[in-house]
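A.B. asks: One-letter residues, chain by chain:
Number of protein chains: 2
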Amino acid sequence: VSTESVFIDALRAIATDPAARGLADDAAVLEIGGETIVLTHDMIVEGIHYLASDPPEDVAWKLVAVNLSDLAAKGARPRGALLGYALGDGQWDAAFARGLATALSAFGLALLGGDTVAMAPGAPRALGLTAIGIAAGPIPSRSGARPGHHLWVSGSIGDAGAGLAILKGEMEANDYLVERYRNPRPRLEAGARLAPIATATMDVSDGLLIDAGRMAIASGCAVRIELDSIPLSDALLSLRGDSPETRCRAAGAGDDYELLFAAEAAAAPNILALADEIGLPLSRIGAFTGGHGLSLFHRGDAVALPAKLGFEHRT
Amino acid sequence: VSTESVFIDALRAIATDPAARGLADDAAVLEIGGETIVLTHDMIVEGIHYLASDPPEDVAWKLVAVNLSDLAAKGARPRGALLGYALGDGQWDAAFARGLATALSAFGLALLGGDTVAMAPGAPRALGLTAIGIAAGPIPSRSGARPGHHLWVSGSIGDAGAGLAILKGEMEANDYLVERYRNPRPRLEAGARLAPIATATMDVSDGLLIDAGRMAIASGCAVRIELDSIPLSDALLSLRGDSPETRCRAAGAGDDYELLFAAEAAAAPNILALADEIGLPLSRIGAFTGGHGLSLFHRGDAVALPAKLGFEHRT
Chain D
667 VSTESVFIDA LRAIATDPAA RGLADDAAVL EIGGETIVLT HDMIVEGIHY LASDPPEDVA
727 WKLVAVNLSD LAAKGARPRG ALLGYALGDG QWDAAFARGL ATALSAFGLA LLGGDTVAMA
787 PGAPRALGLT AIGIAAGPIP SRSGARPGHH LWVSGSIGDA GAGLAILKGE MEANDYLVER
847 YRNPRPRLEA GARLAPIATA TMDVSDGLLI DAGRMAIASG CAVRIELDSI PLSDALLSLR
907 GDSPETRCRA AGAGDDYELL FAAEAAAAPN ILALADEIGL PLSRIGAFTG GHGLSLFHRG
967 DAVALPAKLG FEHRT
Chain P
667 VSTESVFIDA LRAIATDPAA RGLADDAAVL EIGGETIVLT HDMIVEGIHY LASDPPEDVA
727 WKLVAVNLSD LAAKGARPRG ALLGYALGDG QWDAAFARGL ATALSAFGLA LLGGDTVAMA
787 PGAPRALGLT AIGIAAGPIP SRSGARPGHH LWVSGSIGDA GAGLAILKGE MEANDYLVER
847 YRNPRPRLEA GARLAPIATA TMDVSDGLLI DAGRMAIASG CAVRIELDSI PLSDALLSLR
907 GDSPETRCRA AGAGDDYELL FAAEAAAAPN ILALADEIGL PLSRIGAFTG GHGLSLFHRG
967 DAVALPAKLG FEHRT
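Residue numbers (our numbering), protein chains in the order written: chain D, 667 to 981; chain P, 667 to 981.
Read the hints as simulated data drawn from the structure, not as lab findings. It should be emphasised that the depicted structure is a prediction, and the values quoted were computed from it without experimental measurement. Do not rely on the hints blindly, as some may be mistaken.
Computed, partial: chain P to chain D, Cβ under 7 Å [what the hints assert, rightly or not]:
(1) Ala685
(2) Gly688
(3) Gly699
(4) Ile805
Simulated DEER-style distance windows between Cβ atoms [claimed, not checked]:
(5) P:Ala772 - D:Ala760: 17 to 23 Å
(6) D:Ser961 - P:Ser671: 43 to 49 Å
(7) P:Ala772 - D:Asp675: 52 to 58 Å
(8) P:Gly814 - D:Asp675: 54 to 60 Å
(9) D:Asp894 - P:Ser771: 36 to 42 Å
(10) D:Gly886 - P:Glu701: 32 to 38 Å
(11) P:Pro935 - D:Pro862: 39 to 45 Å
(12) P:Val672 - D:Phe963: 53 to 59 Å
(13) P:Ala786 - D:Phe963: 38 to 44 Å
(14) P:Gly774 - D:Thr669: 52 to 58 Å
Even glycine gets a Cβ: it sits at the ideal position worked out from N, Cα and C.
Only chain D is shown next, with the shape it has when bound in the complex (with noise of 0.2 Å):
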């Protein structure tokens, strides 16, 4: 047991307001005045979440879209942020400044207050931000997958941790891929679509992976996801080639930001029609079944989980 996970115990015990939903969702809902508000916090962390050579433009478009893929998964519309800004070299600031009005722009998010500190020199920083959204319909939880429910999910994977072994010179250079790694898309527009559809959602910022089985004890079922239905983008298939070595790594690799959600098997024309509409792919990968754990096929056959199923205790 980590330290991390005693102390998110511990709040755990504090957060007994149900809009809370018991700090099992990553973002909280509030009903204020017969509206139906979406609050996320998250934080990125340099040399953890970001690295220090990243365009600073860049890490405030990832502050902008991690938060955004939070109130995507519940369906919310952005309505503003609050920024926490940690004050560093006044030209990475400056550069952090422009990112941010690109980004906020980008998704029609008002910036609405915040703070900004100084940190002492040389001290690795931690910037926050807090989205809030308005929901439109109804708010998906992670726990509605039932047995016989399909599992679905958004673009491609493996993308952004392709990305950020390129940036450590671990593969060959690849602008998408980088690109995928610095500049992830929440899937607002899908998520909304999803709402009523969806019995279950989440964003993948882990691993798809890990991601998927907390989707599965969250909802007391087993998930059995296929790896040869994950979808992998051509970049990715063109660098590493296909085998289910390829696909176990893009499938715990983190920083997705895609949607993974479980609907009902009826739902699926409805679904593969409103990915035409929208332009977006979105995939059948597997099924929730009854029992737990996680288990994985390949071409019908049965797969050992890899080692690493995605980021654990980043956090």
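Chain P: place on chain D using the hints.
C.D. replies: Coordinates of chain P only, in the frame set by chain D:
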């Protein structure tokens, strides 16, 4: 011009939504579903806003209190909070969680969510909290003071600054003053009751003089402060003696988290009656006039402004 003020100006250029109030108010005001929601996000940094030797329970209290002080200045009732937490030593974290439970319960504030992140070992920690409040009525800004309005402050001034001096070994020990530094009391009841009466309100966080000067600038007025009217605690007076120097020093120290507000002269009887009712001193310490600038008087005589009006770049 500091790099920090350049950064904040850049944010101000982005924050064009009326709910942001030009980033001039320390809290955002969002109208949703007929309710008025007040949002604030304040960070505290080890070595800057608190001492590494401060008990973690008190650091948690301060993180909650400084945010609620912003809600108090807007007359909002606390509804919930999101925590941005940098993990450290497990024992410290556990004590922080206990202090957080105490503070949240003292103020009826629900923990709704947030994020915990790992930091590099030894890195100074930055902790953030987003507080969400609901306003019962009109929301005062900083900018509503007009010539002829009086300037008022709640509680006593300079205690926290003296408490910090004690902890740094610069002053004789005194438990009351240290407690005022470590456990500030956000003036929520006073803030909610004053909202319909005050013409401008803010909390005193950086120092009475600098904050009063900011209110005057925002309101397009000058402000005159009577040093001898500034409320000082018995503890502070007994340790430092009463003199213009003591009073200037108290008025230039930060971390008071008292309410500073303007009101029409005719409101004085109501304000004094409210002070009696809620058991919190509310003291008239000056007045707004035409023109601009901050001037100090002591028993009717003009006094030069001290070199330090408060904390300017903490921030």
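A.B. asks: Now, for every hint given, state plainly whether the structure supports it.
C.D. replies: Comparing the hints with the structure gives:
1. With 7 Å as the threshold, the beta carbon of Ala685 (chain P) comes within range of chain D, its nearest partner Cβ sitting at about 5 Å, so the hint holds.
2. At about 10 Å, the closest approach between the beta carbon of Gly688 (chain P) and any beta carbon in chain D exceeds 7 Å, and the interface hint on this residue is violated.
3. With 7 Å as the threshold, the beta carbon of Gly699 (chain P) comes within range of chain D, its nearest partner Cβ sitting at about 3 Å, so the hint holds.
4. Annotation: interface hint on Ile805 (chain P) violated; nearest CB of chain D at approximately 14 Å, more than 7 Å.
5. Distance hint for Ala772 (chain P) and Ala760 (chain D): a CB-CB separation of about 41 Å, inconsistent with the stated range 17 to 23 Å.
6. Our hint of 43 to 49 Å for Ser961 (chain D) and Ser671 (chain P) is violated, since their Cβ atoms are close to 57 Å apart.
7. Distance hint for Ala772 (chain P) and Asp675 (chain D): a CB-CB separation of about 22 Å, inconsistent with the stated range 52 to 58 Å.
8. Checked against the given bound of 54 to 60 Å, the beta carbons of Gly814 (chain P) and Asp675 (chain D), roughly 56 Å apart, stay inside it.
9. Taking the beta carbon of each, Asp894 (chain D) and Ser771 (chain P) are about 52 Å apart, not inside 36 to 42 Å as hinted.
10. Look at Gly886 (chain D) against Glu701 (chain P): about 36 Å separates their beta carbons, and that is inside 32 to 38 Å.
11. At about 57 Å, the CB distance of Pro935 (chain P) to Pro862 (chain D) disagrees with the hint of 39 to 45 Å.
12. Evaluation of the 53 to 59 Å hint for Val672 (chain P) and Phe963 (chain D) yields a pass: the beta carbon distance comes to about 56 Å.
13. Our hint of 38 to 44 Å for Ala786 (chain P) and Phe963 (chain D) holds, since their Cβ atoms are close to 40 Å apart.
14. Distance hint check for Gly774 (chain P) and Thr669 (chain D): the Cβ-Cβ separation is about 29 Å, which falls outside the suggested range of 52 to 58 Å.
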